[in-house]
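Respectively, the protein sequence lines represent chains A and B.
Our numbering applies: residue 116 is where the first sequence begins, and numbers increase by one.
Our numbering applies: residue 42 is where the second sequence begins, and numbers increase by one.
Note that these hints are calculated values from the structure, not bench results.
Mixed in with the good hints there might be a few duds.
With a Cα cut of at most 27 Å, we get these calculated BS3-like pairs of lysine-lysine [as the list claims (entries may be wrong)]:
1. A/K129 to A/K186
2. A/K198 to B/K83
3. B/K43 to B/K97
4. A/K172 to A/K185
5. B/K108 to B/K43
6. A/K129 to A/K172
7. B/K83 to A/K129
8. A/K185 to B/K43
9. A/K186 to B/K139
10. B/K83 to B/K139
11. A/K198 to A/K172
12. A/K186 to A/K172
13. A/K186 to B/K83
14. A/K172 to A/K124
15. B/K83 to A/K172
16. A/K198 to B/K43
17. A/K172 to B/K43
18. B/K97 to B/K139
19. B/K83 to A/K124
20. A/K172 to B/K139
21. B/K139 to A/K198
To give an idea of the chain B side of the interface with chain A (calculated C-beta under 8 Å), a few residues [claimed, not checked]:
22. S49
23. P85
24. L129
25. F142
All C-beta atoms in this analysis are idealised placements derived from N, C-alpha and C, irrespective of residue type, glycine included.
Okay, here's what each chain looks like letter by letter:
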Amino acid sequence: DGGITQSPKYLFRKEGQNVTLSCEQNLNHDAMYWYRQDPGQGLRLIYYSQIVNDFQKGDIAEGYSVSREKKESFPLTVTSAQKNPTAFYLCASSIAGQGIGELFFGEGSRLTVL
Amino acid sequence: QKEVEQNSGPLSVPEGAIASLNCTYSDRGSQSFFWYRQYSGKSPELIMFIYSNGDKEDGRFTAQLNKASQYVSLLIRDSQPSDSATYLCAVTTGTASKLTFGTGTRLQVTL
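Generate coordinates for the entire structure from the input sequences, incorporating the hints supplied.
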């Protein structure tokens, strides 16, 4: 089955630690995205990539880093510089740009900082 | 002013009634409009998209777009308890590569 796989589903982290969230897709989509969702704030774009080896900052990129070494993979690292990292993180992909077609989402990763 | 605004709800409608969900946006240049449904604790899934002024129907769902008023709505006919979810409005803002989401409206369909 084609889709997007995020792991882990739940993650606990101590303050000061970096953590990497995995996102893999087998839909052959060019574009991939990371969103953060907090209660009452909807989805906010962290980073996006429209092609391998290239990515752009979204609205809330500070404290996060990404890489896009393969078309299928777009991991997100939440660094210790992120002041309030506890949130629900969603990875998505699309055939082309966001405004052109449907976004397909993974099941999400819920990060809790202890 | 937020780029995409929705009433957070909850919007409560009885089973079988029409649910009307509304969204306003601030960028007059927006070209593409999407409605996503998100069940609690789950990821969003696309319900409808609309690009042109007017109505677009798909089964029990109708999307309505009025670019002059910068307003997009989603009507759900014959509402079912399984429609209870948060509905997210998403609009392209700036370049076509940027999609901005509203905060969502929580819909409750009561028996």
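Point to revise | Numbers of the earlier hints that this structure fails to satisfy, in rising order | key: Checked against the structure, the hints that fail are numbers 1 and 8, while the rest are satisfied.
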